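Engineer: Go ahead and model the full structure; you've got the sequences and the hints to work with.
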Amino acid sequence: MNPSTAFARVLVDELVRGGVRDAVVAPGSRSAPVALALAAAERAGSLRLHVRIDERTASFLALGLARASGRPVPVLTTSGTATAHLHAAVLEADVTGVPLLALTADRPPELRSTGANQTIEQPGLYGGAVRWAADVGVPEAGREAAQNRYWRSVVSRALLAATGALSGDPGPVQLDLPLRDPLLPEEEPGPLTGPWAGRDDGGAWTAGRASLAPVDPLPDAPRTLVVAGDGPSAAGRAWAEGAAAAGWPVVAEPSGGAWTGDAVRGGALLLGAPDWLEEHRPARVVVLGRPTLSRPVSALLADPRVRVETVVSGPRWPDPGRSSTSVTRAVPPSGPPADAAWAVAWRDAAARVGTAVDALLDGAPGLTAARLARDVVAALPAGALLVLGSSTPVRDVDRLAVPRGDVSVLANRGVAGIDGTISTAIGAALVHGGPAVALMGDLTFLHDLQGLLTGEGEARPDLTVVVPDNDGGGIFAQLEPGRPAHERDYRRVFGTPHGRDLVAVARALGWAATAVTTADELPAALALGGPRVVVVRTDQRAEAGLAVALRETAARALT
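Going by numbering that gives the first Met the number 0, 129 is the number at position 130 of the sequence shown; the sequence numbering is gapless.
Keep in mind that the hints were calculated from the coordinates and are not lab data.
One should not assume that every hint holds.
[What the hints assert, rightly or not] Each pair of labels, with its calculated beta carbon distance range:
1) Gln-449 / Gly-69: 46 to 56 Å
2) Ala-244 / Ala-358: 27 to 37 Å
3) Ala-144 / Gly-69: 28 to 38 Å
4) Gln-117 / Glu-139: 18 to 28 Å
5) Pro-496 / His-84: 54 to 64 Å
Owing to the predicted nature of the structure, the values given are computational and were not obtained by experimental measurement.
Where a beta carbon is used, it is the ideal one built from N, C-alpha and C, also for glycine.
Structural biologist: Structure (structure tokens):
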């Protein structure tokens, strides 16, 4: 099948699996692959197709079908002004809460803003009137299985958003569908098999449910792992407690509330050891929050051998691997008790890795940023606030620190930018009211220097900003293999050395500042209180080598 045909057939198949029983088409060229796929679905008895000459009529017909049936109804248009004629029906669906799906076929991106025929800027055309909108992207040859997961996941998300299954707020959704030639199929459609297949049970790729219990309980569901990313702290704590009661291991990022004493220390290091994981892989992973910090966690969530169930507190949910089999708003964890031997093996492995990692960090020359992350967390008094900068610090804490439930941890992990981190930390510290520490890299610190400026009469926080200073962007030293080929440009383009004395910089802006050169000096510097900046000089390349050594050390500890 050509890419446009494959996409159209997968799209329609997933619409049917998600409950669509009626669809409306207005004629057009760019929408041809989807129109033909809908016609084929009608011949197969999967849905009823309605065709109208103009898009305005088609859209209000779809609105009526959806309103009367309570089911989502797609209306398909070609590109250009045809899409604008849906706007009135979209507005009506918005106000009345009708699950209308605007499927707007589009020209590929290379034809936009070029004066190409029948081309306008369609993504986001309906503004805030839709519950969700997606520019789906152009189907390409190759990567069939990955595209199949993506397309089916997008359709499932659109249907859940339109029906309000998770939000309680149904309404219209737009999927913009850019398609390249050839648009017509070369042959009559047959069954979707191989990389284009949907779920084996005939159901939707991602289903919204009211409870966490699996639709089809797995024989080995006791091998359940909870993966907790950044998210609301209260929900994270509730899940940490429930998982502990069930005996399920928890791999938690620091800023999600589930990073308590019951969480597995260094979970990313365990998941990054292939031989150990092969024997201890969970059958089911329950995801809450947005896990974004480690590649081993992402790889686990994309593993087809693992059933992924996602818990949400609102209508949006993370699924970068396009692998969630269900999404639920249920908060209390439920399910069978853990496989006791398997859960013990997880805890024992974490303890062995922790011991080996501690030995490596303690034996490294100088005070590395990695050791600093571990030691800062350990030195915090109970009830303290910890604010983590993006890039290396939050990852070092995630991999290396001992989880603590008696401190509050925050991080700007929504879009994971480094901007505004000092200001975020000051604001959080003022609300917290007790001792607070912010750990951030030197570029993050320099990016928000004006955040240190405090006007006359303004409250000053009890905040200590700890800065591992490696004279630039240390995280880039951990780029993919092949970096040595670009050694000539690395320091300037990625390292971005600043060459500044950060103690002097902080003092110039009115903050007390302290330089720390050894691990023994750190507790005393933190005890001085804030507002204060503590600068620790480290080495970029030593940090990169340490990252490799940590992975190797973990693997050896698990053999």
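Engineer: Work down the list of hints and note, for each, if the structure agrees.
Structural biologist: Against the structure, the hints come out as follows:
Restraint check, Gln-449 to Gly-69: a C-beta distance of roughly 53 Å satisfies the suggested window 46 to 56 Å. Checked against the hint of 27 to 37 Å, the pair Ala-244 and Ala-358 passes, with Cβ atoms roughly 33 Å apart. About 34 Å separates the C-beta atoms of Ala-144 and Gly-69, a value consistent with the hinted range of 28 to 38 Å. For the pair Gln-117 and Glu-139, the supplied restraint of 18 to 28 Å holds, since their beta-carbon distance comes to about 22 Å.
Between Pro-496 and His-84 the beta carbons are some 56 Å apart, a value that agrees with the proposed interval 54 to 64 Å.
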